[in-house]
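Colleague: Sequence:
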Amino acid sequence: MTSAVQQLMKVFVTRRIPPAGQAVLAQAGVCNIQQWDSEEPIPQAELLAGVAGKDGLLCLLSDRIDKEVLDAAGPSLKVISTLSVGYDHLAVDEIKKRGIRVGYTPDILTDATAELTVALLLATSRRLPESVVEVKNGGWTTWKPLWMCGYGLSGSTVGIIGLGRIGQAVAYRLKPFGIKKFLYTGRHPRPEAAVELKAEFVSLDKLAEESDFVIVTCSLVPETQGMCNQDFFCKMKKTSVFINTSRGAVVNQDDLYEALVNGQIAAAGLDVTTPEPLPTDNPLLSLKNCVILPHIGSATYSTRNTMSVLAANNLLAGLKGENMPSELR
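Going by the numbering used here, the first residue of the sequence shown is number 13, and it counts up by one from there.
If you're looking for bench data, these hints aren't it; they were derived computationally from the structure. Hints should not be assumed to be uniformly reliable.
What the hints assert, rightly or not - When the alpha-carbon atoms are kept at most 20 angstroms apart in a straight line, the in silico EDC-like pairs for lysine to aspartate or glutamate are as follows: (1) LYS109 to ASP67; (2) LYS22 to ASP49; (3) LYS249 to GLU235; (4) LYS192 to GLU208; (5) LYS210 to GLU222; (6) LYS250 to GLU235; (7) LYS247 to ASP217; (8) LYS90 to ASP78; (9) LYS109 to ASP83; (10) LYS247 to GLU222; (11) LYS90 to ASP105; (12) LYS22 to ASP105; (13) LYS108 to ASP83; (14) LYS332 to ASP67; (15) LYS192 to GLU146; (16) LYS193 to GLU235; (17) LYS187 to ASP217.
Turn these sequences into a full structure, and let the hints steer you where they fit.
Modeller: So, in structure tokens, the structure goes:
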């Protein structure tokens, strides 16, 4: 029995993950699992201690896996599996240099994130959070012709920055609302999706100038970091609504605040911020025309469970030296 236990590969899990993923790891019978058993992020000291001497690491988007963590893990670390689509929290170059394989969880959260994006757009453009507050605090006194008026989708132009999987899924969900025209921009045209959606590939400037709704669903890369800045917001219509469900760092939040306060744009809805969580004294939180959610794009029970299963299977495949279901190349 002792010999068998010693042969089990050692794995560290940085958070309590959804039950479906936990079951996959437990039933595999090939690893000895040590887990930070909490819903809250693991402290750095605990992470450094926990990863030491491990063969595998299962982490989350909020865990920064940098050189310090890799050094603490030592040469035994063979695989890192992140329960996320994004991997900007990983020091990818350093990880690859050490020959460590990386698994991630793309594709699964497309539908959930697209649904949330549409919900956030509607909540922002039709002032739903503000309306709920008015009902609760007695602001609803009588019917008024222009009270709580917002902006409708029918006949509008929607600009999507990043017409990838999520961007396309958002567009398909918005189409039945009677959108007049879709514009999109990105690193390159996507002719097949564009034909079906009747979407036009344009420059970032033209998208800002002509769109009634701007939706950001692109990846965070050096070219997109801080892309939505003062210059960008100044080109948008004063009646336009800005939505970001990609990564917080795509937006210069100081510039967004100024654009909202000065009436350069009508409203903004964010599911992602910098940092996360956003400090409660951040000026954006003081604005009625800014709706901020706590990064819940993938937050459906089925999506999170499916993500955890894929993350677990990526980890197990990497430990066994097999092909991962979703490996970062």
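Colleague: For each hint, tell me whether it holds in the structure or not.
Modeller: Against the structure, the hints:
no. : hint             : in the structure
1   : LYS109 to ASP67  : holds, 17 angstroms
2   : LYS22 to ASP49   : holds, 16 angstroms
3   : LYS249 to GLU235 : violated, 24 angstroms
4   : LYS192 to GLU208 : holds, 14 angstroms
5   : LYS210 to GLU222 : holds, 16 angstroms
6   : LYS250 to GLU235 : violated, 26 angstroms
7   : LYS247 to ASP217 : holds, 7 angstroms
8   : LYS90 to ASP78   : holds, 15 angstroms
9   : LYS109 to ASP83  : holds, 12 angstroms
10  : LYS247 to GLU222 : holds, 9 angstroms
11  : LYS90 to ASP105  : holds, 15 angstroms
12  : LYS22 to ASP105  : violated, 24 angstroms
13  : LYS108 to ASP83  : holds, 14 angstroms
14  : LYS332 to ASP67  : holds, 11 angstroms
15  : LYS192 to GLU146 : violated, 32 angstroms
16  : LYS193 to GLU235 : violated, 26 angstroms
17  : LYS187 to ASP217 : violated, 23 angstroms
This entry does not satisfy hints 3, 6, 12, 15, 16, 17, going by the numbered hints stated previously.
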